[in-house]
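Participant: Here are the chains, one letter per residue:
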Amino acid sequence: MTPEIRKFKKILIANRGEIACRIIWTCKEMGIRTVAVHSDVDRDSLHVRFADEAACIGPAPSAQSYLNIPAIISTAEIFNVDAIHPGYGFLAESSTFAEICAACNIKFIGPPANIIRLMGDKVEARRAMAEAGLPVLPGSPEPVTSEAEGLQLAREIGYPVIVKASAGGGGRGMRIVHSENELGKALETASTEAAAAFKDGSVYIERYVQDPRHIEIQVLADEYGDCIHLGERECSIQRRHQKLLEEAPSPVLSPELRNQMGDAAVAACKQLGYASAGTVEFLLDQDNKFYFMEMNTRIQVEHAVTEMVTLADIVRNQIRIAEGERLGYTQADLMIVGHAIECRINAENPETFAPSPGLITAFNLPGGPGVRVDTYVYAGYRVPPFYDSMIAKVITHARTRDLAIARMKRALEAMVIEGIKTTIPLHLKIMDDPQFKTGNISTSFMEHFLAQNGTKIPKTQSGAGALAG
Amino acid sequence: MSDPGSQKAEAELLPETDIEISSEPVRARRRRRGSIAAESSVNMDELRELIQLINENDFSEFEMEREGFRVRFRRGVEIGETSSAGFSQSRELTASSVPATGEQAVSVLPSHPGAKAQTEASEDQDLYIIPSPIVGTFYRAASPNADAFVKIGSRVEPETVVCIIEAMKLMNEIQAETTGEVAKIYVENGQPVEYGQPLYGIKK
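Chains E and Z are the protein sequences, given in the same order.
According to my numbering, the first sequence holds residues 1 to 469 in order.
According to my numbering, the second sequence holds residues 470 to 673 in order.
Calculated from the structure, these hints are not laboratory results.
Do not rely on the hints blindly, as some may be mistaken.
In silico lysine to any residue, SDA-like type, Cα no more than 25 Å apart, as pairs [stated by the list, open to error]: (1) Z/638 to E/243; (2) E/28 to Z/584; (3) E/107 to Z/639; (4) Z/638 to E/103; (5) E/9 to Z/636; (6) E/107 to Z/635; (7) Z/653 to E/40; (8) E/243 to E/437.
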């Protein structure tokens, strides 16, 4: 196929927060004009300030603003944009939104709508990926409809098993089951939870892997069938299935295993006809066997660690690919230089994880060699209570993991956010944790860590008074 | 400007040109002009040609005036200067203004379509403000040839339709939701409006 390149002059960013800013930065570098949309409580957000044009599209609740498809399309038409970047969250994985964009002749910066839909249904995604050659955990091929069916399946798979929501994500509608007598109740509660969260109560059963690592492969694919991977991200540090800290590369992947996992992800994406940036998530068990978990058909929060070690601008590549350009790289072009760590800074009590919105009275960004901060807040900004609590990402890059940890520690010490509580003290504590330092971590790390340190995390930053005075 | 289609044409030609059609000088001239003739409309094709000509000749500033219509182009304007001007085509908002009048000014670098209306409305604290409930395109009349739903001085009841906001090709009728008399109209016919932007000021 001959590439048909349609350069974008103007992009609407259907998102808020740090990712909206992140997309604006790349658009500025590419000479593309930007349109920000925002709710009426987000007027003072940085993405509104730095976009070329902006429109208020609704009141604070996301359903009436950032998820309001008619308002977003209407704004796109008024401002006459060529494309819409959905960021992550909100409408990023809405196949309906992608279809509406296409119907309105606006390019959706992401994969084709049918692939978004396929990957959004976890049962279908698992089946499709298994067909495309990826290893999957033994489990139910279809949603489980009765307890009897569940018991039969679980017996075949072997306990422990995990009950998951077909429409799931973010840990909701998930239950670990260790024995037969727990299964009935687990199916019921998971289904209720899934119905409440995703309006779809169907659940399925899969073998549960004890203390796995969460390893994901970043892929880039163009619209002509070319696809490469950008190596892996280690995302095992999670609390209630929410990632807190990510690294690239993983401390345990050998170059051979990296190639093996990367090649498997690339082959599957090629078979699916994937285009754009995407992430294939795997569980890695204690024997270094990997299993497909799910695919995220969008930019991810933690994409920055991959950008640091590969020097790739993933947002730029998403835009180029959406414009119809060829990938222009081969797998041999991939280089991974040094080690990068990202800490998600949330407006939360670092001990109880209760949200802590409010006015930021003092703010200092860390700097110096190898430090990147993606954020949308500033001194005098009021963090609204309506949205995700993540207010910043601190990313450090250095030659080795040890150096990246040391760099993160000093960056977090220099990062001052006053007026609200943040997870900075939690991350500082993790940087000092002997287990974390060895790199021998799994998804159960935080459970153990919090049991040990839960009450020892300072609620405010030491020495943070310096800026307020 | 009463043709909804022309809004699209405008939006198309603006982003490529980095030209501001300033609304500020226009405001200063309002009082002198008296009533605006309904037939003096702007041909968007002409405007497009004009902009191309200006671009090719590398002018930094250009002004043109015709009866009932004046346009001024500027390039390389600071953001701070234009953001207060808003996205809007500015036209005198008095009883004499009719939907089809032609003076217009569209700025290219605004941060917000509603910024100007917001500022104006904040000065009218004695008025009840009808805000736009959605983002879309504002029309004062049901069709290009129809009379405006309301004018300055019109009485409104809660159910009175005051305008149409077009969003995704759907015409949404907006009701006054209050009782009183139209005292101010903050937006132009065919102008993009955002959520919460003041549309009308109603004297109770």
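Participant: Could you work out which earlier hints the structure fails to respect and list their numbers in ascending sequence?
Facilitator: 1
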